[in-house]
Amino acid sequence: MAGPDIQIPDITWRDNWREFPFWLVAIFAFLIVMAILVFTDPDIREAFLFIIPGIQITLYITLAGFAIALVLGLLAGLGRISSNAVVRNIAITYVEFIRGVPTLVLILTLAFVLVPAVSNSFGVDNRNVSIELRAILSLSIIYGAFLAEIFRAGIESISKGQMEAARSLGMNYRQSMQFIILPQAVRNISPALGNDFIAMLKDSSLASVLAVRELTQRARLYAGSTFRFPESYLVLTFCYLTMTIALSLLLRWYEQRLGKDSR
Amino acid sequence: MSDDIIVVDDLHKYFGHVQAVKGVDLRLKRGEVVLIVGPSGSGKSTVLRCINHLETPTSGGIYIDGVHLEDKKTNINEVRAEVGMVFQQFNLFPHLTVLQNVTIAQEKVRKRSKAEAEKIAMEQLQRVGIPEKAAAYPRQLSGGQQQRVAIARLLAMQPKIMLFDEPTSALDPEMIKEVLDVMLDLAKAGMTMVVVTHEMGFAKAAADRVVFMDDGQIVEIGPPDQIFGTPKHERTQLFLSKILAH
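Protein chains in written order, with the numbering used here: chain A, 1 to 263; chain B, 1 to 246.
Check before you lean on any hint, since a few could be wrong.
Interface residues of chain A toward chain B, partial, derived using beta-carbon atoms under 8 Å [unchecked claim]: (1) Gly161; (2) Gln175; (3) Phe179.
Rather than coming from a laboratory, the hints here were simulated on the basis of the structure.
All values reported here derive from a predicted model rather than from experimental measurement.
Where is the CB? At the ideal position from N, CA and C, for every residue including glycine.
Construct all of the structure, not just a fragment, from the sequences and the given hints.
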């Protein structure tokens, strides 16, 4: 009896079909339509040209805020795992306080309560503290608390044996953290840090409540003075989505490279 | 303190309410090789970890070369640089190359220049037989090779004492010998060693004394021939019959 013809099923086509990123096509379609409208529709172009200079302040607030947030997050994350009960409780208070209040409320509170209180106690008239600086400080204090949890998880993800090996070679706690634990932890958490950078870019739009003239505030100003609400907010959406999609694609690419490297 | 390089004086260690070590006394002379055997949970690893202060004794004292580890004035990092520890899981630093694994503590603790640290590192990698892997990362090495790098990493610090916490337990059988050979060479070269292991071959070839521990206490101490040949205590006999049976 002859054996049955073995047919190797050609599943690659179906697999490719299922794997194909249709979502990306849909989003790119929206972005391309918007880009075409910016060039062809005079109303939309006018809105775009009014709003787009705000990108400079949006990026400035995000980058400066994130840089400070990284420092705060690292310090608070190390504080969270400190064996010193005072340090640990200060860090936990900070993190839990921030996480318990909505971001918008925090921005108002930090910018109009904390910043004046601190600047007055240093003898600086709080009217001299610019709204951009207030926005940066508010966002960095908020994101410092989120990043603290990421840093803590990253450090705790490194096996205890690493710290023991470093310490048993005579390195002190700071050296062991700096040269052995953190380089590994930061590598592990870099995708999470990237995600929070994107989240912060989006949350920088909340700085508009402080009247900082970033993208969102400019869109609101334009809409309010021209009553062209659809044009203003479609253009605004277009601006943010372009940036976040570009960043998250970059992040995916980086994650894949990271995965290959560690194999 | 005469010439005892390690003195363990009435060591007690609690983990919460569980007492892992119940009054252990042990003295080692310079150049002595002592093996600690015993069932799991007998406290042998805890004693070892107290000797370089990875665990803090609940009571009792550890003296390394006359320096009291529990004394607040003692700089524990200085002592640890003299007391190397080899771990069951190797604990190489995965983000550093083999060479960097061996140089980092030399540079940061011994304050040696990069060139000097690398020279010493290559000598030690030569000694453990894998100089050709200097540029590799730990994940590219076999378990036996990783453990030999871990030993080279310690040797580069020129420690006075080396502690081995089940150094071959995580290894495939065919790799155990290459690690034991390195350890034998060290013993012959006069290194003071405390080894927690069940490798009887190593015990007979290199150990000056064997310590049998059970339930947080030392049951008996003696030369390997006596402990393995004519153990006095019933608990020792029972334990040895189990591990020598296969």
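Hint-by-hint comparison with the structure:
1. The interface hint given for Gly161(A) is met, as the beta carbon of that residue sits about 4 Å from the closest beta carbon of chain B, less than 8 Å.
2. Nearest Cβ of chain B to the Cβ of Gln175(A): about 5 Å, under the 8 Å cut. The hint holds.
3. A least Cβ separation of about 6 Å between Phe179(A) and chain B falls short of the 8 Å threshold, and the interface hint therefore holds.
Checked against the numbered hints given earlier, this structure breaks none of them.
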